[in-house]
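Assemble chain B onto chain A, guided by the hints.
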Amino acid sequence: MKLVIDDHDLDLLSNNLDHYQSSDWDTFKQAYTLSQMKMNHKDALTCMQYLPHLELMSHQLDAVKKVLHQMHGRAILADEVGLGKTVEAGVILKELMVKGLVKKVLILVPSSLIRQWESELNKMFYIPAKAKHRSYPWQAYDIVISSIDLAKKDPHSSDILNEEYDMLIVDEAHRLKNPKTRNYQFVKQIRSTYCLLLTATPIQNKIDEIYYLMSIVRPGLLGDKQSFKRTVREERKDDNSNAIQTLVKQSMVRNRRSETTNHWTKRDIDTIYVDFTDEEMEFYKHLESLDGMHSFTALTLQREICSSREACYQSIGQSNWNDEFKKDLMQQIEQLPHHAKALKTVEFVKSLNEKCIIFTEYKSTQIYLQWLLHQNGILSVTYNGGFRKSKKEWMIQLFKNNAQVLIATDAGGEGLNLQFCNHMIHYDLPWNPMKLEQRIGRIHRFGQTKDVNIYYTVLRNTIDQRILDLLYDKLDLFKDVIGELDQILSQLGIQNLEDEIEEIVRDSRSEKEASIKVDHLFSVISDSHVEERNIANESS
Amino acid sequence: MNQAEIHQFLVNFFKKRQATFEHNEPGLLKIKLTEDLDQRLMNRPFYWQYVKKLGYKGDPMSVTFISDKQKKGEAGEWIHYGSPRLEQLFQMILDEGKYAELYEQINQDERHAFHPWFICNMLVRYRGAYTHDEMVSVGVYLINGAMRFRMMDEIINHQFNEVIPDYCYKIPPIINRIRAIQIINRELQHRISERSTNFEYESFELYQKEKNMTEELFQGREDDIDLLKENIEQQIYDRLYPKVDLSLINCGLFYLTESRSKKLLNVS
Numbered sequence: 001m002k003l004v005i006d007d008h009d010l011d012l013l014s015n016n017l018d019h020y021q022s023s024d025w026d027t028f029k030q031a032y033t034l035s036q037m038k039m040n041h042k043d044a045l046t047c048m049q050y051l052p053h054l055e056l057m058s059h060q061l062d063a064v065k066k067v068l069h070q071m072h073g074r075a076i077l078a079d080e081v082g083l084g085k086t087v088e089a090g091v092i093l094k095e096l097m098v099k100g101l102v103k104k105v106l107i108l109v110p111s112s113l114i115r116q117w118e119s120e121l122n123k124m125f126y127i128p129a130k131a132k133h134r135s136y137p138w139q140a141y142d143i144v145i146s147s148i149d150l151a152k153k154d155p156h157s158s159d160i161l162n163e164e165y166d167m168l169i170v171d172e173a174h175r176l177k178n179p180k181t182r183n184y185q186f187v188k189q190i191r192s193t194y195c196l197l198l199t200a201t202p203i204q205n206k207i208d209e210i211y212y213l214m215s216i217v218r219p220g221l222l223g224d225k226q227s228f229k230r231t232v233r234e235e236r237k238d239d240n241s242n243a244i245q246t247l248v249k250q251s252m253v254r255n256r257r258s259e260t261t262n263h264w265t266k267r268d269i270d271t272i273y274v275d276f277t278d279e280e281m282e283f284y285k286h287l288e289s290l291d292g293m294h295s296f297t298a299l300t301l302q303r304e305i306c307s308s309r310e311a312c313y314q315s316i317g318q319s320n321w322n323d324e325f326k327k328d329l330m331q332q333i334e335q336l337p338h339h340a341k342a343l344k345t346v347e348f349v350k351s352l353n354e355k356c357i358i359f360t361e362y363k364s365t366q367i368y369l370q371w372l373l374h375q376n377g378i379l380s381v382t383y384n385g386g387f388r389k390s391k392k393e394w395m396i397q398l399f400k401n402n403a404q405v406l407i408a409t410d411a412g413g414e415g416l417n418l419q420f421c422n423h424m425i426h427y428d429l430p431w432n433p434m435k436l437e438q439r440i441g442r443i444h445r446f447g448q449t450k451d452v453n454i455y456y457t458v459l460r461n462t463i464d465q466r467i468l469d470l471l472y473d474k475l476d477l478f479k480d481v482i483g484e485l486d487q488i489l490s491q492l493g494i495q496n497l498e499d500e501i502e503e504i505v506r507d508s509r510s511e512k513e514a515s516i517k518v519d520h521l522f523s524v525i526s527d528s529h530v531e532e533r534n535i536a537n538e539s540s
Numbered sequence: 001m002n003q004a005e006i007h008q009f010l011v012n013f014f015k016k017r018q019a020t021f022e023h024n025e026p027g028l029l030k031i032k033l034t035e036d037l038d039q040r041l042m043n044r045p046f047y048w049q050y051v052k053k054l055g056y057k058g059d060p061m062s063v064t065f066i067s068d069k070q071k072k073g074e075a076g077e078w079i080h081y082g083s084p085r086l087e088q089l090f091q092m093i094l095d096e097g098k099y100a101e102l103y104e105q106i107n108q109d110e111r112h113a114f115h116p117w118f119i120c121n122m123l124v125r126y127r128g129a130y131t132h133d134e135m136v137s138v139g140v141y142l143i144n145g146a147m148r149f150r151m152m153d154e155i156i157n158h159q160f161n162e163v164i165p166d167y168c169y170k171i172p173p174i175i176n177r178i179r180a181i182q183i184i185n186r187e188l189q190h191r192i193s194e195r196s197t198n199f200e201y202e203s204f205e206l207y208q209k210e211k212n213m214t215e216e217l218f219q220g221r222e223d224d225i226d227l228l229k230e231n232i233e234q235q236i237y238d239r240l241y242p243k244v245d246l247s248l249i250n251c252g253l254f255y256l257t258e259s260r261s262k263k264l265l266n267v268s
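Order-wise, the sequence lines are chains A and B. Using full-length UniProt numbering, the first residue of the first sequence is number 1, and each one after it goes up by one. Using full-length UniProt numbering, the first residue of the second sequence is number 1, and each one after it goes up by one.
Okay, chain B solo, but in the shape it has when bound:
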């Protein structure tokens, strides 16, 4: 996201969350928050506690966000990529968008059977000689357990709704979601260990080298240094030993039309 895109991001973010727009010009946005937004963003729990206790209706704050360098002089909060406020908004989106149950959008009045997919987006982080991230997006067809990788790429340009369209029905899943997670986990671990040999080798070599250095240092010394040695070894392990963390971005139950399901399964 570059600086010029931030304004539009803010407009969309707050429009969607029903804030009142008091002033909106390129690079400068003044809004009145809703009570919910105020409580989540402005960090003034005592105010809200106090207001509630007295039975008053609280007064949410008005905030001005500036994202154009030219307008930096005006009163308001300067927002740029990396600023704590923007991170806070990002985090809200990440929290809210953790899970979804959605139906593919179709032309009206068509009859369709919707097929169930479980889609899981994960970040794979390699930690050791270096840190490297990979995004993995897997879809599991909940009828037969078939898997489709790069799933988000396939569907990201389509539209989805939260309710099932009229005249449509869904085919009940045969495999449940927990089972789907297991299938994904097993396949992912398999792929990671097959394909990350370079990373594993490089990190392990480094780890071993440092560990040997420590061994040599403590050789022939038996004073009360066990603790020190343990600390050093721990530090070396934490830093260099080849590790992979799987962390969840989001997941969801997606109902796709039969034709799209078939297409996805054939390609993979």
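Chain A with its partners taken away, still in its complex shape:
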């Protein structure tokens, strides 16, 4: 017989019989029926009855069941951004805990997401997870959340490697794709019965990356390195072969936004046009005339003046032009009236009378807008990447409870959940479509119940409008690739899409030429998307 039966509890009972106090019949009976109520049944999710407020989308429920029943608790969760991987991981963890299979858990996430994981696990799942505090040792925690950067350092790493965990969860696991890094070496050595790796981009550059992720989750599934490489080579020759995909599917769940049956709320996009005052327009034209001198700077300054006087003023101040020239320009700026776009925005926010987020590219604009809103009796908070963790949290709290407006810069916005708000103003249009998607993703995500309203504020006859015409009308072109844009760009050797677009705008002699160039760029990107899809990336 292979079965191992553990009757430890009955031994204990024999030894302790005399120490028990007798209860009454009602309590005895109740203890029995309560235990009956808590029983687990094969192929059923026990934990859902404990989470009555949690409604899973159908793809999430499928993912959870697959990981638990077919993959037996070790898997890569590779849903696209915004489909709720964290929730899936939470349910899986909860279920394993309810079944009594998991007690000690190590959760490694980027440091900016530690608090968010902590509060979600506690509030949504009643899982008593704690962020690692420096004055407590690792072994004192049952369920601990930390950043991989901290955990891999000594003495933490040796402490962790001495522990035996029941479950290991790594968020943003694409950081483990390189086997030569300390991250990878460290995570691979952690002892854990169950294991979940979360990443929206299981393959960023090379198919090898999936091999290394998989050798943490299910070592041996893809064979050893040589045989894996051989299979890849054979598969390249033979179009019909999908050996790797089939294997990977055994331990990876990947859902795509386009395939989920969930009803996403609508996304309405509106453009608000503004005219510069004559003085402003004159100054803008003046900047344009600088074009011959140093075209790069002129373009930058034009973008800045379209945002605020302050942004432009600051960068002129920091430029290496001679002092007299600078002084002249700066004096001109000082003469300008309040910024037309800013005034219009304030007016719009007032009429909106609901919570909204304003995104800008410049910190000086951020401060100016806050001041201007304040002058108009509108309470706003700022948010940028330079803030400490606690200040960021506080700002979000303020926005949620007190302020009407959140003014944010792009940096530091990743991973923020702001579903309680459904208006977003792009005060400056980002030149990188990825940025735009990331911004919108803050409010148009799992949990948003209302339609989402997106506004672009655009100054007529300026660089604003040029970009709008040039880029934004074409965004539909790569709707599908947005989640993978990063990896596609690096594949194509494009360092920075924004620079690429800036170059096009600067160097093109006519609008027509610029437009054609952008078309080319976009079609290259969406083509490589098609290739990318076929590799092991399909959801099952």
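Source of the hints: derived by calculation from the structure; they are not laboratory data. Hints may be right or wrong, so weigh each one.
Stated by the list, open to error - No more than 30 Å apart at the CA atoms, straight line, and that leaves these computed lysine-lysine pairs for DSS-like: (1) K249/A <-> K229/B; (2) K71/B <-> K450/A; (3) K355/A <-> K72/B; (4) K29/A <-> K16/B; (5) K229/B <-> K132/A; (6) K188/A <-> K243/B; (7) K400/A <-> K71/B; (8) K69/B <-> K99/A; (9) K243/B <-> K65/A; (10) K206/A <-> K209/B; (11) K72/B <-> K38/A; (12) K229/B <-> K104/A; (13) K211/B <-> K180/A.
As the list claims (entries may be wrong) - Some residues of chain A that are not near chain B, with every Cβ distance over 12 Å (derived): (14) S58; (15) S119; (16) R175; (17) R257; (18) L379; (19) N432; (20) V452; (21) D469; (22) E500; (23) K512; (24) S515.
Ideal Cβ positions, reconstructed from N, Cα and C, are used throughout, including at glycine.
Relative to chain A, chain B alone:
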């Protein structure tokens, strides 16, 4: 237990444990705890330590429990199935109801001989390819060691008391409780291994497959990877190897009337 049943559960729970009811309407219950309940539920050991040290009489807390969605807005703790507080109360019941010595309730003034039974309720948890629980309730007749399965089903609708009724006497057990536990354990293990072949087979196949995969991966490699391999094998064993855990829910010495004892023994 559904949401509507929670209120009654709370009322019964706290009534039984002598809390003072300050307000009781459907879905909203305000009570003042006793000192014992406060110490067990409210997690403020420092307060009680401090109070005791100064020789004061502590002041137990008042708590409001809300179990009706409509009343969620009012001040108090929202209680639902799965909420930590309810789990805490469940755990108290499970702890308190671990053991019992009880006598069957009979009509007054009858003379009866009470026969001793040892009743043991256990959860059998299969762990491997899947996790599945079974409840096992066994009664051992302590006169001759005969066993009766599904014992709780037979007695759950009857009443039991903590003291022996007047004019009744008990027949002393011949088999002691520890021996009874052994009998139950042996029979249970026998039944499990007889009847769980599918589970055993399915889990073992899975286990073997994963283990072979690891073997292949490490074949022909002799660097310092023993530890890594050991970890992987351990992980596979813990997850997939067919295992059965027997855990005790509760047990007790039950005295049943002669007629009921006979009936139970005939049926099985």
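For each hint, the structure was consulted:
In summary, the hint linking K249/A to K229/B is supported, as the alpha carbons are separated by about 24 Å, within the 30 Å threshold. The hinted pair formed by K71/B and K450/A meets the criterion: a straight-line CA distance of about 25 Å does not exceed 30 Å. A hinted pair counts as satisfied when its Cα atoms are at most 30 Å apart, and K355/A with K72/B qualifies at roughly 25 Å. Straight-line distance between C-alpha atoms of K29/A and K16/B comes to about 14 Å, which keeps the hinted pair within the 30 Å bound.
Annotation: proposed proximity of K229/B to K132/A holds, straight-line Cα distance about 29 Å (limit 30 Å). Between the alpha carbons of K188/A and K243/B the distance comes to roughly 27 Å, so the proposed pair stays at or under 30 Å and holds. Using a Cα cut-off of 30 Å, the hinted pair K400/A and K71/B holds, with the two alpha carbons roughly 24 Å apart. The straight-line distance between the Cα atoms of K69/B and K99/A is roughly 28 Å, inside the 30 Å bound, and the hint therefore holds.
The hinted pair formed by K243/B and K65/A meets the criterion: a straight-line CA distance of about 22 Å does not exceed 30 Å. Among the hinted pairs, K206/A with K209/B is consistent with the structure: their alpha-carbon atoms are about 29 Å apart, no more than 30 Å. Note on K72/B and K38/A: the hinted pairing holds, with a Cα-Cα distance of about 26 Å set against a maximum of 30 Å. This hinted pair checks out: K229/B and K104/A have alpha carbons roughly 21 Å apart, not beyond 30 Å.
Restraint check: the Cα-Cα separation between K211/B and K180/A comes to about 26 Å, which is no more than 30 Å; the hinted pair holds. Distance check on S58/A: its Cβ is at least 22 Å (rounded) from any Cβ of chain B, clearing the 12 Å threshold; non-interface status holds. The Cβ of S119/A sits about 15 Å from the closest Cβ of chain B, beyond the 12 Å cut-off, so the non-interface label holds. Consistency note on R175/A: stated as away from chain B, and its beta-carbon is indeed over 12 Å from all of that chain's, at 20 Å minimum.
For R257/A, the requirement that its beta carbon stay farther than 12 Å from each beta carbon of chain B is met, with the minimum near 30 Å. Even its closest Cβ contact with chain B, about 25 Å, leaves L379/A beyond 12 Å, as expected for a residue assigned away from the interface. The beta carbon of N432/A is kept farther than 12 Å from every beta carbon of chain B, the shortest such distance being approximately 42 Å. Every Cβ of chain B is farther than 12 Å from the Cβ of V452/A; the closest lies at roughly 27 Å, confirming the non-interface assignment.
Annotated as non-interface, D469/A keeps its C-beta farther than 12 Å from every C-beta of chain B; the closest such distance is 50 Å. Distance check on E500/A: its Cβ is at least 43 Å (rounded) from any Cβ of chain B, clearing the 12 Å threshold; non-interface status holds. No beta-carbon of chain B is positioned within 12 Å of the beta-carbon of K512/A; the least distance is around 58 Å. Consistency note on S515/A: stated as away from chain B, and its beta-carbon is indeed over 12 Å from all of that chain's, at 54 Å minimum.
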